[in-house]
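Participant: From first to last, the protein sequence lines are chains A and B. All the letters of the first sequence, read from the start, carry residue numbers 1 to 189 under UniProt numbering. All the letters of the second sequence, read from the start, carry residue numbers 1 to 189 under UniProt numbering.
Please keep in mind that the hints were generated in silico from the structure rather than gathered at the bench. If you're wondering where the values come from, they're calculated on a predicted model, not measured in any experiment. There is no bait here: all hints are sound.
With a cut-off of at most 30 Å between alpha-carbon atoms, the simulated DSS-like pairs for lysine-lysine come out as follows: (1) B:Lys88 - A:Lys183; (2) A:Lys88 - B:Lys23; (3) A:Lys135 - B:Lys183; (4) A:Lys183 - B:Lys131; (5) A:Lys23 - B:Lys88; (6) A:Lys49 - A:Lys66; (7) A:Lys88 - B:Lys183; (8) A:Lys131 - B:Lys88; (9) B:Lys88 - A:Lys88; (10) A:Lys131 - B:Lys183.
A few chain B residues that don't get close to chain A, going by computed Cβ distances all over 10 Å: (11) Gly14; (12) Lys23; (13) Gln39; (14) Lys49; (15) Val59; (16) Arg67; (17) Lys131.
Not the full set, but computed from the structure, chain B residues with beta-carbon under 8 Å of chain A: (18) Ala2; (19) Ala9; (20) Asp95; (21) Thr110; (22) Leu146; (23) Trp171; (24) Glu181.
Even glycine gets a Cβ: it sits at the ideal position worked out from N, Cα and C.
2 protein chains.
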Amino acid sequence: MALRHAVLAALLEGELSGYQLTKAFDIGVANFWHAQPQQLYAELTRLEKDGLIAGRAVVQETRPTKRLFHVTDAGLAELEEFTAAFAKPSFIRDDLLVKVQAADHVDSETLIAQLSERAAFAEAKIQLFGKLLRKMRGDLTEEEFLRHGRRIGPYLTCLRGLALEQGNRDWCERTITVLRERKHSRARH
Amino acid sequence: MALRHAVLAALLEGELSGYQLTKAFDIGVANFWHAQPQQLYAELTRLEKDGLIAGRAVVQETRPTKRLFHVTDAGLAELEEFTAAFAKPSFIRDDLLVKVQAADHVDSETLIAQLSERAAFAEAKIQLFGKLLRKMRGDLTEEEFLRHGRRIGPYLTCLRGLALEQGNRDWCERTITVLRERKHSRARH
DNA sequence: ACGTACATGTAATTGGTTACATGATTTC
DNA sequence: GAAATCATGTAACCAATTACATGTACGT
Numbered sequence: 001m002a003l004r005h006a007v008l009a010a011l012l013e014g015e016l017s018g019y020q021l022t023k024a025f026d027i028g029v030a031n032f033w034h035a036q037p038q039q040l041y042a043e044l045t046r047l048e049k050d051g052l053i054a055g056r057a058v059v060q061e062t063r064p065t066k067r068l069f070h071v072t073d074a075g076l077a078e079l080e081e082f083t084a085a086f087a088k089p090s091f092i093r094d095d096l097l098v099k100v101q102a103a104d105h106v107d108s109e110t111l112i113a114q115l116s117e118r119a120a121f122a123e124a125k126i127q128l129f130g131k132l133l134r135k136m137r138g139d140l141t142e143e144e145f146l147r148h149g150r151r152i153g154p155y156l157t158c159l160r161g162l163a164l165e166q167g168n169r170d171w172c173e174r175t176i177t178v179l180r181e182r183k184h185s186r187a188r189h
Numbered sequence: 001m002a003l004r005h006a007v008l009a010a011l012l013e014g015e016l017s018g019y020q021l022t023k024a025f026d027i028g029v030a031n032f033w034h035a036q037p038q039q040l041y042a043e044l045t046r047l048e049k050d051g052l053i054a055g056r057a058v059v060q061e062t063r064p065t066k067r068l069f070h071v072t073d074a075g076l077a078e079l080e081e082f083t084a085a086f087a088k089p090s091f092i093r094d095d096l097l098v099k100v101q102a103a104d105h106v107d108s109e110t111l112i113a114q115l116s117e118r119a120a121f122a123e124a125k126i127q128l129f130g131k132l133l134r135k136m137r138g139d140l141t142e143e144e145f146l147r148h149g150r151r152i153g154p155y156l157t158c159l160r161g162l163a164l165e166q167g168n169r170d171w172c173e174r175t176i177t178v179l180r181e182r183k184h185s186r187a188r189h
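Model the full assembly from the supplied sequences, consistent with the hints where possible.
Facilitator: Next up, the structure:
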């Protein structure tokens, strides 16, 4: 049961359909959890069966009927319990880092191409998170918002996501520089 | 096949037994990939069967006989291929971030306790990575080492691990401060 | 006519975790 | 005498990915 609480936390911000959830897990939420649509639909079914969320059907004119889900009191209690429980150490699984670990044994140019791609992806996420943060805090400064804003949970996790991607970008750029310099100095000898 | 390449990359640094691998995946390597002993032993068996690694038995006097594994040419080719292939976007799954996402709906003190624990854990990892880096570069400065050192792959991934944990620690501390201040300002009204 | 967005799933397979199992040696 | 380290697995279960499936509507 791992995805379970991530879905509950995401639904706290307001009612969402399964489809909307998949979008949320693709961008904002995805900075701390990732899941595919199939998994999300399955999890929603289970959560509803267990009474932790409840759904209501919304008939639309031009679009297919959707079901909007919200967290029940039982769901909130479950989250409270989860928060108090031991947190597994977070883990990362990153293909790119595996590739860099093998840097001394594989082709540099291939590696540089992968690093550039990741740096560009990180930059895009930085822009996106910046926009999301500005939208959440409105006219307030970050300090003001964090002191007096009503819902700061999503803001705080978004801040972590932003810093993470900045770290990714900076490290990718540094690594590219290092690999390039080594290539050139080897070429001279 | 995901763990597969992480194991290959780890074995590039020299022969390791299954047991030694589990240790490596607990500390250094764990900053980009995590796996349990059972999984590693299973993966080693599969890798050997596929000819990507080869093992040799080392009989010891006081300890049980162990098997040391090294990457074969086929294994190197596999890694080269992997490096050129599309890298899945890295993902994080972090209980703590789920908890903070729900910050506006759960008890602050519980959350602060979890954040403190994580900050301490991050600090320990920062110290560990610092030591590992100093050990790898020896007498050289970082710049010198990255320019002329023989094997820089593990150093580069360790740098990413270090920055990641620094980011974790800083974010945890910031978040604790924010939660504390909100609690106090609410108490005054 | 074609691609994208909306909306929701099932089925098969692979990957990962938890629990269990064994047994010697070294360190406190 | 107890705990940690060395050394390696099996079995059962749960989670996640990949592939497949269906149908409407809107924009270009």
